[in-house]
Amino acid sequence: KAGVTQTPRYLIKTRGQQVTLSCSPISGHRSVSWYQQTPGQGLQFLFEYFSETQRNKGNFPGRFSGRQFSNSRSEMNVSTLELGDSALYLCASSYRGGRSTDTQYFGPGTRLTVL
Amino acid sequence: AQTVTQSQPEMSVQEAETVTLSCTYDTSESDYYLFWYKQPPSRQMILVIRQEAYKQQNATENRFSVNFQKAAKSFSLKISDSQLGDAAMYFCAYRSPLRGGSQGNLIFGKGTKLSVKP
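Residue numbers (the numbering used here), protein chains in the order written: chain W, 1 to 115; chain Y, 1001 to 1118.
The set of hints was computed from the structure by calculation and includes no laboratory data. Watch out, some of these pointers could steer you wrong.
To be verified - Derived coverage of chain Y by chain W (criterion: at least 3 residues anywhere in the stretch with Cβ under 8 Å from a Cβ of chain W; other residues may be distant):
{"id": "1", "segment": "1025-1039"}
{"id": "2", "segment": "1061-1075"}
{"id": "3", "segment": "1107-1117"}
On a predicted model such as this, the values are computed, not experimentally measured, just so you know. Idealized CB from N, CA, C, for every residue including glycine.
Please construct the entire structure, taking both the sequences and the accompanying hints into account.
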């Protein structure tokens, strides 16, 4: 079974631009969560989507948004990029079927550099 | 709010020896999940082991085992017979159970960088 895939793997943008990152979950998985990883702040939760609805949101400004499609694929968007948005963005998927299937599996990440 | 603390920023182990990584957490919940994830230099986060708080028995996955002390809120990872491929950042993570339509996000510690010496 293929793992979580994220595109693109690397991205370079300039301040003020916007960016869209994509995540395809493991086949059959219905929940997608996004995390931001930086050397200073570590791993921080952005948001969680299940059945095309945002179920949970971390403490990030409104410039960070996301959505989920009917096939469970998810995108996140960052508008008006700032230098501090440079990070590794990780997507994780899970089945959401019950206690034993609640584990989140991560993709390889998208490395975003803002110049 | 829940917090996760990994007090060892870096650790080193000789190949074939055993190493234990520490993790403590703070929560007022009685039901939750705990995880250890491994992130090698290639950056792909890999699940190492998971523990459900209601289970008394410590989880084991081949050379990896945990020492889960619920009362002490401690969740350490033991790696036996260390291999060169075990070198990575190890993250301890906490998650609440399903609630109100949300699966609950992972709360991570800052990580422990493990080096394995040949």
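Checked hints:
| no. | hint | verdict |
| --- | --- | --- |
| 1 | 1025-1039 | holds (count 3) |
| 2 | 1061-1075 | violated (count 0) |
| 3 | 1107-1117 | holds (count 5) |
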